[in-house]
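Colleague: Going down the list, the protein sequences come from chains A, B, C and D. Count along the first sequence from 1, then add 54; that gives the number in our numbering. Count along the second sequence from 1, then add 54; that gives the number in our numbering. Count along the third sequence from 1, then add 54; that gives the number in our numbering. Count along the fourth sequence from 1, then add 54; that gives the number in our numbering.
Accuracy of the hints is not assured; some may be wrong.
Note that identical chains are pooled: a pair holds if it fits in a single copy or bridges any two copies.
Each computed DSS-like pair below joins lysine-lysine, with the alpha-carbon atoms no more than 27 angstroms apart [claimed, not checked]: (1) Lys74 x Lys144; (2) Lys65 x Lys144; (3) Lys144 x Lys162; (4) Lys144 x Lys166.
Rather than coming from a laboratory, the hints here were simulated on the basis of the structure. Computed from a prediction, not measured in an experiment: that's the story for all the values here.
There are 4 protein chains.
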Amino acid sequence: MKVVIFNEYTKNQLQPIGKKAYKNGLHKEIATIFEGTEVQVKFLSTLKDLLEHTENDITAQSLADVDVLIWWAHCNHQDVPDEVVDAIIKRVHEGMGIIFLHSAHFSKVIQKLLGTPCSLTWRECGEAERIWTADRDHPISQGIEQGFRLPHEEMYGEHFNIPKPDDVIFIGWYQGGDVFRSGVTFTRGEGRIFYFQPGHETFPTYKNPNIRKIIFNATLWCGKEEDKIQKVNKKYKDAPNVHPCEQVHKLFHAVGRVKQGKEVDE
Amino acid sequence: MKVVIFNEYTKNQLQPIGKKAYKNGLHKEIATIFEGTEVQVKFLSTLKDLLEHTENDITAQSLADVDVLIWWAHCNHQDVPDEVVDAIIKRVHEGMGIIFLHSAHFSKVIQKLLGTPCSLTWRECGEAERIWTADRDHPISQGIEQGFRLPHEEMYGEHFNIPKPDDVIFIGWYQGGDVFRSGVTFTRGEGRIFYFQPGHETFPTYKNPNIRKIIFNATLWCGKEEDKIQKVNKKYKDAPNVHPCEQVHKLFHAVGRVKQGKEVDE
Amino acid sequence: MKVVIFNEYTKNQLQPIGKKAYKNGLHKEIATIFEGTEVQVKFLSTLKDLLEHTENDITAQSLADVDVLIWWAHCNHQDVPDEVVDAIIKRVHEGMGIIFLHSAHFSKVIQKLLGTPCSLTWRECGEAERIWTADRDHPISQGIEQGFRLPHEEMYGEHFNIPKPDDVIFIGWYQGGDVFRSGVTFTRGEGRIFYFQPGHETFPTYKNPNIRKIIFNATLWCGKEEDKIQKVNKKYKDAPNVHPCEQVHKLFHAVGRVKQGKEVDE
Amino acid sequence: MKVVIFNEYTKNQLQPIGKKAYKNGLHKEIATIFEGTEVQVKFLSTLKDLLEHTENDITAQSLADVDVLIWWAHCNHQDVPDEVVDAIIKRVHEGMGIIFLHSAHFSKVIQKLLGTPCSLTWRECGEAERIWTADRDHPISQGIEQGFRLPHEEMYGEHFNIPKPDDVIFIGWYQGGDVFRSGVTFTRGEGRIFYFQPGHETFPTYKNPNIRKIIFNATLWCGKEEDKIQKVNKKYKDAPNVHPCEQVHKLFHAVGRVKQGKEVDE
Chain A
55 MKVVIFNEYT KNQLQPIGKK AYKNGLHKEI ATIFEGTEVQ VKFLSTLKDL LEHTENDITA
115 QSLADVDVLI WWAHCNHQDV PDEVVDAIIK RVHEGMGIIF LHSAHFSKVI QKLLGTPCSL
175 TWRECGEAER IWTADRDHPI SQGIEQGFRL PHEEMYGEHF NIPKPDDVIF IGWYQGGDVF
235 RSGVTFTRGE GRIFYFQPGH ETFPTYKNPN IRKIIFNATL WCGKEEDKIQ KVNKKYKDAP
295 NVHPCEQVHK LFHAVGRVKQ GKEVDE
Chain B
55 MKVVIFNEYT KNQLQPIGKK AYKNGLHKEI ATIFEGTEVQ VKFLSTLKDL LEHTENDITA
115 QSLADVDVLI WWAHCNHQDV PDEVVDAIIK RVHEGMGIIF LHSAHFSKVI QKLLGTPCSL
175 TWRECGEAER IWTADRDHPI SQGIEQGFRL PHEEMYGEHF NIPKPDDVIF IGWYQGGDVF
235 RSGVTFTRGE GRIFYFQPGH ETFPTYKNPN IRKIIFNATL WCGKEEDKIQ KVNKKYKDAP
295 NVHPCEQVHK LFHAVGRVKQ GKEVDE
Chain C
55 MKVVIFNEYT KNQLQPIGKK AYKNGLHKEI ATIFEGTEVQ VKFLSTLKDL LEHTENDITA
115 QSLADVDVLI WWAHCNHQDV PDEVVDAIIK RVHEGMGIIF LHSAHFSKVI QKLLGTPCSL
175 TWRECGEAER IWTADRDHPI SQGIEQGFRL PHEEMYGEHF NIPKPDDVIF IGWYQGGDVF
235 RSGVTFTRGE GRIFYFQPGH ETFPTYKNPN IRKIIFNATL WCGKEEDKIQ KVNKKYKDAP
295 NVHPCEQVHK LFHAVGRVKQ GKEVDE
Chain D
55 MKVVIFNEYT KNQLQPIGKK AYKNGLHKEI ATIFEGTEVQ VKFLSTLKDL LEHTENDITA
115 QSLADVDVLI WWAHCNHQDV PDEVVDAIIK RVHEGMGIIF LHSAHFSKVI QKLLGTPCSL
175 TWRECGEAER IWTADRDHPI SQGIEQGFRL PHEEMYGEHF NIPKPDDVIF IGWYQGGDVF
235 RSGVTFTRGE GRIFYFQPGH ETFPTYKNPN IRKIIFNATL WCGKEEDKIQ KVNKKYKDAP
295 NVHPCEQVHK LFHAVGRVKQ GKEVDE
């Protein structure tokens, strides 16, 4: 399985506050989740690269053999070029899985896939969060400690303006009095989607073993690790004109209709 | 309640085959569903108008007080200007209901709201269709004859490439051997969405009493006729920074974090 | 609309701790929600009555014209006679709505309707609860203050062992660190079901205006106040043998099958 | 993985009409689906055995290590002893998967798990059926031919009186004009449920390769073949009293409440 991890890698992450949490950027920390497994990690451009005019390598071509894209973003959503957005959405429709982390709820990609503003309430005061499993049957929640605790997180609270999820797997509790549907799934075309709320760039959330296992589980699920799932259905956009299987006696002669641009009398 | 009915009003509809089914365009036929009720019908530009360079009056302003938009389209989806699409989506997020009829499954608006290609299989040979109610509890299916029959329809068949619907209300059966989730609902932001498959422009489908009642029911449901539902939530895109309700002791002093752009030591 | 309110009315409720919260039993408090409205409240036997061998009047007959049954129970679930349970379930299948309050999650009726143990975690230490709306579109959440606060409640926490709800309307937050899907809906047969967690018998929860409005909204929704919904479908259990609509030529003569108990050759 | 296949094995199946379709009973045919795989098939009592007073071996004990139970029944639902029903339901709640075939929709077990009458319409005239995949992403639909055809089946039609399924995977089309949600999933406790409509005892349906693959896929899915899913959670009915994780200062001393049967003043 091939995974690409995208990170903005701007602002806080380049400051002491961010470097204290993740010395080389949080994408490098997330990559260590897959060390020693059969999941291969690839990095393409960060947003920092794009802003510095390094050549963009997030393209239909570079994503063609990617099973899962992990997308972390917080501040620069509008700077992501539309052709990158379109290439990703096409690949999701074809069957690439995608995991949106933390503030990626406001990315262009998730908004185009879900069709909603994805707005929420928020608060940044370093309060504790607990993560509760509401769906014990889902592959993503296997092996996760019920109600595990993150000492500090940014609060994202309800109402979360998303479509009704296919599954609400995790619900977050915050010390300050809020809750959030913090782990939810969707399907679009052949592609599986997981949104997961924790991961503010100044807290070492991606070092937490429960968080790491959730991301690992989600990668297998979004990547359709079950070999019985076909990974790519290239015909996802086809709208074929099909012949009737059952006999539809004389319909072509019995009904007034347009056939190949011409009117046909009854 | 105020309803706008949009129709392409191009091609077949202007030919004898179309005029035989609906003399003045199918939008005029659909409007008669609401005669004698408290639902007020308004017409804005047809696509024919837009193609003839008549001024476009489908705008944020003209939609501001509209409760439900009914959208019929088949052939000219790409000719709908993007600013019309954006104005409609904004209004759906704010709470305007929208009903997509027949080939509107391929319109830009539904694709942007659902985030999927909305592809399907199709066949045009005038075969019979039957419409079965799978959800007897939904307001849209009240008073509809189980398994009612349309003598001739265009076949739209599975697989229908849409997100998992909130409700599958109707399932279509076709003489030629296919089935379709022909009546499905979604919610996006504050807006309710109903897609309904029947309505090929050369068959008098919108004169069928069951079809008419479904469209009437769907208009009330999408328009949130229940007075207990707030019709407009103008803050649909807000992402407010909120204060903690519960005491979060000394967090602002206990945790390293970025506050107003500055790093704060622990 | 006719509503029956059932209360165990045993144990705590008859002690000073319970009488301090609700002088005459919490069913009498709940009844005041409907004062001055067109909803008519009826009381049938409490469980206290049944345990004192007062004649049981919760029967198929007494429930025949009831639109919604509100069921509060905490401690004596096993003392409810099976014929009462069966009569209620039959009526739910026919279209009677039912609201389960607080510990009614462990009642025989809800377990038989949902098919799950309905287990959860719990804690009784008078901690604060907040109730958050996750589904802003549902009739039950209209007019409810986002994140309203109850100063003291019994904690019911995840994992809540229920089927996937049709809608998760409310999520509860507890001071002690837990969350709960505290307001959820289901449909069984023609009947609508709402489970709502708050309402420990020693706290004056049913005097809280948001709680009262939720119960009022839920009563209208479960009772299908929308006049377009048929309230009773007496044929809910029918499994009719139906004739084919479409021509199935000579099938009766072409296929080996059992017909009226006899084998028929091809 | 261990699978038990239950068959009534009464009436038609013992007559020439049934023996022609399946010489030794349809359970023996279904068992051949798993030949050469790692799935081990076990047979316990048929209903024929029970009616002939052979000792019942469908017990909590014999089901203790079973991963999936496949249940075929048509005519003798009321003859299944309640202790068998209860043992099965307990095991489903613990995590055993269950597949209900054909008329098993009227079995006591499914009715108790779903909480609905499970009624439908039906017709037995040997008409053709086609099976369409509505959910292409589900493990159960992988490798199944879209719209495959069964030359003869008993018709089961909408409305199917079941709860809203977790997933509608297959929709059936019938020559006579009806449709049916013919493959649907549910979850109850830790157990996964699949209902699948085809399989009238006088037609060789279980010899059809698509039908066989669906049953095979469903067995893997219901049995949680993905090794990341815990197969048994023996604590499924626990309702533990839990301590607060977060500090709930002085609540035990600040709030009037019942604690260990005693009233506590504020």
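Colleague: Look at each hint and say if it fits the structure.
Modeller: Evaluated hints:
1. Lys74 x Lys144: Close neither inside one copy (37 angstroms) nor across copies (41 angstroms); limit 27 angstroms.
2. Lys65 x Lys144: Result: close neither inside a copy nor across copies, 29 angstroms intra and 31 angstroms inter.
3. Lys144 x Lys162: both (14 angstroms within a copy, 15 angstroms between copies)
4. Lys144 x Lys166: For Lys144 and Lys166, both the intra-copy (11 angstroms) and inter-copy (13 angstroms) Cα distances are at most 27 angstroms.
The structure is inconsistent with the numbered hints 1, 2, although it conforms to all the rest.
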